[in-house]
Amino acid sequence: MPRRKREAVDLEDLGGEISWTEEGITLFIPQEVVQHWRAAQFLYDEDEDRIMIVPTEGD
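Per this note's numbering: the sequence shown = residues 1 to 59.
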């Protein structure tokens with residue numbers, strides 16, 4: 001079965017939040033968004049200063 005193409009989505013558009021600290025980043029992603037994911041790739045868009053998510057496995 002062919003896999004469907006996964007689109008990158010802005011974390012904040014999904015209702016998530018990003019907390020930046022000197023030690024690193026904390027991401028909050030609502031449970032209803034990720035409950036069907038088994039894996040995801042996180043991409044940092046430096047030009048737009050945002051984090052994008054691409055689900056790589058799951059529904």
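Please keep in mind that the hints were generated in silico from the structure rather than gathered at the bench.
Some hints here could point you the wrong way.
[Claimed, not checked] DEER-style ranges, computed between Cβ atoms:
#, residue 1, residue 2, range
1, Glu22, Glu57, 29 to 35 angstroms
2, Leu43, Glu22, 19 to 25 angstroms
3, Glu7, Leu27, 26 to 32 angstroms
4, Thr21, Glu57, 15 to 21 angstroms
5, Asp49, Gly15, 27 to 33 angstroms
6, Glu23, Glu57, 25 to 31 angstroms
7, Thr26, Glu48, 16 to 22 angstroms
8, Leu14, Asp47, 16 to 22 angstroms
9, Asp47, Glu17, 29 to 35 angstroms
10, Gly24, Val54, 16 to 22 angstroms
11, Gln41, Gly15, 16 to 22 angstroms
12, Ile25, Thr56, 17 to 23 angstroms
13, Glu22, Thr56, 26 to 32 angstroms
Here a beta-carbon is modelled for each residue, glycine too, at the ideal position from N, C-alpha and C.
Hint-by-hint comparison with the structure:
no.: 1; hint: Glu22 / Glu57: 29 to 35 angstroms; in the structure: holds (33 angstroms)
no.: 2; hint: Leu43 / Glu22: 19 to 25 angstroms; in the structure: holds (22 angstroms)
no.: 3; hint: Glu7 / Leu27: 26 to 32 angstroms; in the structure: violated (18 angstroms)
no.: 4; hint: Thr21 / Glu57: 15 to 21 angstroms; in the structure: violated (29 angstroms)
no.: 5; hint: Asp49 / Gly15: 27 to 33 angstroms; in the structure: violated (19 angstroms)
no.: 6; hint: Glu23 / Glu57: 25 to 31 angstroms; in the structure: holds (29 angstroms)
no.: 7; hint: Thr26 / Glu48: 16 to 22 angstroms; in the structure: holds (19 angstroms)
no.: 8; hint: Leu14 / Asp47: 16 to 22 angstroms; in the structure: holds (20 angstroms)
no.: 9; hint: Asp47 / Glu17: 29 to 35 angstroms; in the structure: violated (21 angstroms)
no.: 10; hint: Gly24 / Val54: 16 to 22 angstroms; in the structure: holds (21 angstroms)
no.: 11; hint: Gln41 / Gly15: 16 to 22 angstroms; in the structure: holds (19 angstroms)
no.: 12; hint: Ile25 / Thr56: 17 to 23 angstroms; in the structure: holds (19 angstroms)
no.: 13; hint: Glu22 / Thr56: 26 to 32 angstroms; in the structure: holds (30 angstroms)
Going through the hint list in order, the structure does not satisfy hints 3, 4, 5 and 9.
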